[in-house]
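Residue-level listing of the chains:
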Amino acid sequence: MKTPKTRERVVITGMGIVCPLGNSVEAMWQAILAGRSGVGRTTIFDASTFPTTFDAEVKGYNLADSVSDCRRHTACNRGAGFAVGAAAQACRQAGIDIQTTEPRDGIQRARMGIYLGAGEGSLDYDAFFGCIIAGWNAQEQRMAWDRLNASAAKHLNAAHELEQEPNMAVAHIAALTGARGPARSCLTACAASTQAVGEAMMMIRWGRADVVIAGGAHSMIHPLGITGFNRLTALSTRNDSPQTASRPFCVSRDGFVIGEGAAIVVLESLSSAQRRGAGILAEVVGYGASSDAFRITDMHESGRGPVQAMRAAMADAGLTTRDIDYINAHGTSTQENDSIETLAIKTVFGERAKQVPASSVKSMLGHLIGAAGAAELITCILAIRDNIVPPTINLVDPDPKLDLDYVPNTARRMPVNVVMNESFGFGGQNNVVILRRL
Amino acid sequence: MESARVVVTGLGAVSPLGLSVEQMWAGLCEGRCGIARIKAFDPAGLPCELAGEVPEYRIQDYVPKTHRKATKLMCRDIELAVIAAREAVAGSGLVTKGIDPEHVTVEPTRVGINVGAGMISCDMVELAPAVAASAADGRFDIRTWGKQGLELITPLWLLKYLPNMLACHIGIIHDIQGPSNTITCAEAAAHLAIGEAAQVVARGDADVVLTGAGETKIDPLLLIRQHLLHRATTARTDKPDTACRPFDADAQGSVFGEGAGIIVLENLEHARRRGARILAELVGIGQSHSIGPVYERLELDGKGLQIAIENAMEDAGVGPEELDLVIPHGTGVPRDDLAEATAIAAALGPAVRKVPVWPTKSMLSTTGAASGALDVVAAVRAMAQGIIPAARNFTRPAEGCRLNIATESRAAGIRHAMCCSYTHGGQTAALVFRRFDEGGGTT
Numbered sequence: 001m002k003t004p005k006t007r008e009r010v011v012i013t014g015m016g017i018v019c020p021l022g023n024s025v026e027a028m029w030q031a032i033l034a035g036r037s038g039v040g041r042t043t044i045f046d047a048s049t050f051p052t053t054f055d056a057e058v059k060g061y062n063l064a065d066s067v068s069d070c071r072r073h074t075a076c077n078r079g080a081g082f083a084v085g086a087a088a089q090a091c092r093q094a095g096i097d098i099q100t101t102e103p104r105d106g107i108q109r110a111r112m113g114i115y116l117g118a119g120e121g122s123l124d125y126d127a128f129f130g131c132i133i134a135g136w137n138a139q140e141q142r143m144a145w146d147r148l149n150a151s152a153a154k155h156l157n158a159a160h161e162l163e164q165e166p167n168m169a170v171a172h173i174a175a176l177t178g179a180r181g182p183a184r185s186c187l188t189a190c191a192a193s194t195q196a197v198g199e200a201m202m203m204i205r206w207g208r209a210d211v212v213i214a215g216g217a218h219s220m221i222h223p224l225g226i227t228g229f230n231r232l233t234a235l236s237t238r239n240d241s242p243q244t245a246s247r248p249f250c251v252s253r254d255g256f257v258i259g260e261g262a263a264i265v266v267l268e269s270l271s272s273a274q275r276r277g278a279g280i281l282a283e284v285v286g287y288g289a290s291s292d293a294f295r296i297t298d299m300h301e302s303g304r305g306p307v308q309a310m311r312a313a314m315a316d317a318g319l320t321t322r323d324i325d326y327i328n329a330h331g332t333s334t335q336e337n338d339s340i341e342t343l344a345i346k347t348v349f350g351e352r353a354k355q356v357p358a359s360s361v362k363s364m365l366g367h368l369i370g371a372a373g374a375a376e377l378i379t380c381i382l383a384i385r386d387n388i389v390p391p392t393i394n395l396v397d398p399d400p401k402l403d404l405d406y407v408p409n410t411a412r413r414m415p416v417n418v419v420m421n422e423s424f425g426f427g428g429q430n431n432v433v434i435l436r437r438l
Numbered sequence: 001m002e003s004a005r006v007v008v009t010g011l012g013a014v015s016p017l018g019l020s021v022e023q024m025w026a027g028l029c030e031g032r033c034g035i036a037r038i039k040a041f042d043p044a045g046l047p048c049e050l051a052g053e054v055p056e057y058r059i060q061d062y063v064p065k066t067h068r069k070a071t072k073l074m075c076r077d078i079e080l081a082v083i084a085a086r087e088a089v090a091g092s093g094l095v096t097k098g099i100d101p102e103h104v105t106v107e108p109t110r111v112g113i114n115v116g117a118g119m120i121s122c123d124m125v126e127l128a129p130a131v132a133a134s135a136a137d138g139r140f141d142i143r144t145w146g147k148q149g150l151e152l153i154t155p156l157w158l159l160k161y162l163p164n165m166l167a168c169h170i171g172i173i174h175d176i177q178g179p180s181n182t183i184t185c186a187e188a189a190a191h192l193a194i195g196e197a198a199q200v201v202a203r204g205d206a207d208v209v210l211t212g213a214g215e216t217k218i219d220p221l222l223l224i225r226q227h228l229l230h231r232a233t234t235a236r237t238d239k240p241d242t243a244c245r246p247f248d249a250d251a252q253g254s255v256f257g258e259g260a261g262i263i264v265l266e267n268l269e270h271a272r273r274r275g276a277r278i279l280a281e282l283v284g285i286g287q288s289h290s291i292g293p294v295y296e297r298l299e300l301d302g303k304g305l306q307i308a309i310e311n312a313m314e315d316a317g318v319g320p321e322e323l324d325l326v327i328p329h330g331t332g333v334p335r336d337d338l339a340e341a342t343a344i345a346a347a348l349g350p351a352v353r354k355v356p357v358w359p360t361k362s363m364l365s366t367t368g369a370a371s372g373a374l375d376v377v378a379a380v381r382a383m384a385q386g387i388i389p390a391a392r393n394f395t396r397p398a399e400g401c402r403l404n405i406a407t408e409s410r411a412a413g414i415r416h417a418m419c420c421s422y423t424h425g426g427q428t429a430a431l432v433f434r435r436f437d438e439g440g441g442t443t
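Protein sequences, first through last, are from chains B and Y.
Mapping of the first sequence onto my numbering: position 226 corresponds to residue 226, and the numbering continues sequentially without gaps.
Mapping of the second sequence onto my numbering: position 385 corresponds to residue 385, and the numbering continues sequentially without gaps.
Don't read these hints as lab results, they were simulated from the structure.
Built from N, CA and C at the ideal position, the CB exists for glycine as well.
Heads up, a few of these hints could be off.
[Said to hold, decoys possible] With the C-beta cut set under 8 Å, the calculated list includes, among others, these residues of chain Y facing chain B:
| no. | residue |
| --- | --- |
| 1 | A26 |
| 2 | C29 |
| 3 | R32 |
| 4 | G45 |
| 5 | T66 |
| 6 | V95 |
| 7 | M119 |
| 8 | M124 |
| 9 | E126 |
| 10 | I176 |
| 11 | A186 |
| 12 | V283 |
| 13 | G319 |
| 14 | P320 |
| 15 | E321 |
[Said to hold, decoys possible] Listed next, the in silico DSSO-like pairs over lysine-lysine satisfying Cα-Cα at most 30 Å (straight line):
| no. | chain 1 | residue 1 | chain 2 | residue 2 |
| --- | --- | --- | --- | --- |
| 16 | B | K154 | Y | K69 |
| 17 | Y | K39 | Y | K239 |
| 18 | Y | K147 | Y | K72 |
| 19 | B | K59 | Y | K72 |
| 20 | B | K346 | B | K401 |
| 21 | B | K354 | B | K401 |
| 22 | Y | K97 | Y | K69 |
| 23 | Y | K239 | B | K154 |
| 24 | Y | K97 | B | K346 |
| 25 | Y | K72 | Y | K97 |
| 26 | Y | K97 | Y | K65 |
| 27 | Y | K69 | Y | K39 |
| 28 | Y | K72 | Y | K39 |
| 29 | B | K2 | Y | K354 |
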């Protein structure tokens, strides 16, 4: 395997987002600075009898607003459709030509990669449940497979079936941009898009691409997704007050609020960005990954996995805890995460832990699952750009055992040069990315 | 920048040809076919009633006592990967917690995992009572589901079907605390995962990474999906062992199956220090994307795959004439096979007439994400044995296919072997392995 002589520095030259707080970066940022919640009643399907009747949905999204020719993308699953729009925004900011076979942006397509943390699309539930009903022999409690097979062959639609696959968001971005470099998608639950950005950075640092369109896209707001999380009792059931339900670090937190969306950044080698004269938003200086290897259902109580990932990211960046100005916490609003994450930050930062603001934008955005890490990364870029750290809203009754500076309820103006973004996935994948002002 | 050399020190495979690498390799050498009528459920009503099924096993026999309860949370994809991982680790000589908790020889934080996984289909029999309880007049009623059906779903149900759970179970069993990733690019996933795992080792983020993939396609919904996409054959179903015919003039589609392949990738110096048996070196990685007019098929000229192959050779520093074996993706879907043959021919140039090409899916079936991993295991075994087995079900090349597909098994000194893959959607990948001889390093 070839190794480059020098280490490429990696910068961010574009960003785009479709999320519950708006369908552009500036719309989302204004909402966050105002401390607004993106949560409301579930409208995507009838969840009125579910244990949880609310979520954080993307609203008023129209792909045609960001892409002039939508023909390649009409059958997209919900998450992939968000991804195309977010990618188009990011490319526009980075000066990357889209929807053309003759790009003039100075980037070789063979050197342009794609890396997403992307989720599966929603099943065609009417057809899927219909097939099961057609096949199930209730008297004998067994499946009549011939009836199920016949029903499925009749009711399922080829395009819909294909577009459910988690790699399709990458496929659509390839069609949009013409990218021919290394391309893949990963799905490490709630850590996926932080991992995607970290690994994409490594692709550039190690000379395997000059540009990588990276980020995440996901919507698990569908009947089986919500069923699964409800059965795990992972979701808040504060049905009488949806907008205050996502309350990371509160004593009364009772689970996360599921969201959806896509967030895309353009990562680029510093030399490529300088050659093209692209505007540079931030540098990606560190990436660390680890796993808990503990239980399928729980995080290790010591927080050893997150600790290891934070330390690895700082070592990779050549930085120490003294250099970190702000932590964008995973902060899901579950009892377990917020306690263990707090402990992990204290373990890593020691006496400095209480001096480093650590907020959770999930209090406003909800939890975008596969897309969460990348969406939160964009808030980190903006924190550096504007020297403002986003708040943790709904911090009305702080957990007395959790005593870090979570930036309660209002955004804070302060110098922000180096930011740590953390994401921890169900099953124990921990990923941390560090950004720095260039 | 300094980067480590990356070698293969362990292999594990669960396939329609058996529950171990040796069973698979023996089957491939004999030209045995693992495809038969589906036994997992009654396939009556499916356009194709065939599949490549893994022989029976008891998952409890393959996990440590401490993990037996957790087997309840394993779907079949997870089980297959766990079995293959056990064989790979045991064969590597590394002692993890899962092999012998009293005599662990690895530092858990320096071991990583990177697994390719498919979109796992939930078990419809498991869901059926809840769905049936939510039906009114034969139609599903979501409000009844929310009130009653949902309560019938077992609390940890979701955790059985998240794709990252293959890596999580293996990680817990073997106490893997380094980087963990799950690549979800369908049939290209294994090669993409292995490539990324090699990078993790090369850049020093782990000394050892377990990598590969596992998937089952033997599920009514997944099989019907393949039919809807015109990928599954409906021909020759009365003769299952002749149904899947990669690159053959009579090919009419693929047959789907299940399996898992896991390999141990290791930093060369780490492997040397512990006196490991080194099976091969991973020397070249190439990846790209197909950009065709539709997503469900490879673009006609195979350009995205050609770029991946060229990049892998360039990365390895080898020319086409130095390749001694190519294991293609070769599914038996005529249009895709032709595009792949075109890509390989374009990348290899005049050498395409000489380089032996050995498709395996006529025997192993198309096992989704697992297929690329099984091919890597086969390539490393072929290299070690110095044998290229015969291609099965290849009697007459499909029109336009100029590949040198061997119809007879032969002894061959294999110094460089390449595997390549692509998937619907368009991700492509190729890997080049080099034979490793002790003493002289990589020969």
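Hint check:
1. A26: With a minimum Cβ separation of about 32 Å from chain B (threshold 8 Å), the hint on A26 of chain Y is violated.
2. C29: violated (30 Å)
3. R32: Since chain B brings no Cβ nearer than about 28 Å to R32 of chain Y, farther than 8 Å, the hint is violated.
4. G45: This hint holds: G45 of chain Y lies near chain B, its Cβ roughly 3 Å from the closest one there, short of 8 Å.
5. T66: Where the cut-off is 8 Å and the nearest Cβ of chain B is about 11 Å from T66 of chain Y, the hint is violated.
6. V95: Violated, because the Cβ-Cβ distance from V95 of chain Y to chain B comes to roughly 16 Å (cut-off 8 Å).
7. M119: Given a least distance of 5 Å, the restraint on M119 of chain Y holds.
8. M124: M124 of chain Y check passes; min Cβ-Cβ to chain B is 5 Å, inside 8 Å.
9. E126: Since the shortest Cβ distance to chain B is 10 Å, the answer is violated.
10. I176: holds (5 Å)
11. A186: holds (6 Å)
12. V283: holds (6 Å)
13. G319: violated (15 Å)
14. P320: violated (18 Å)
15. E321: Where the cut-off is 8 Å and the nearest Cβ of chain B is about 20 Å from E321 of chain Y, the hint is violated.
16. B:K154 with Y:K69: Outside the cut-off at roughly 39 Å; violated.
17. Y:K39 with Y:K239: holds (16 Å)
18. Y:K147 with Y:K72: holds (26 Å)
19. B:K59 with Y:K72: violated (39 Å)
20. B:K346 with B:K401: holds (12 Å)
21. B:K354 with B:K401: holds (13 Å)
22. Y:K97 with Y:K69: holds (17 Å)
23. Y:K239 with B:K154: OK: K239 of chain Y and K154 of chain B at ~26 Å, within 30 Å.
24. Y:K97 with B:K346: holds (29 Å)
25. Y:K72 with Y:K97: holds (20 Å)
26. Y:K97 with Y:K65: holds (12 Å)
27. Y:K69 with Y:K39: Measuring from Cα to Cα gives roughly 26 Å; hence the hint holds.
28. Y:K72 with Y:K39: holds (22 Å)
29. B:K2 with Y:K354: Holds, at about 27 Å.
Checked against the numbered hints given earlier, the structure breaks hints 1, 2, 3, 5, 6, 9, 13, 14, 15, 16 and 19 and satisfies all the rest.
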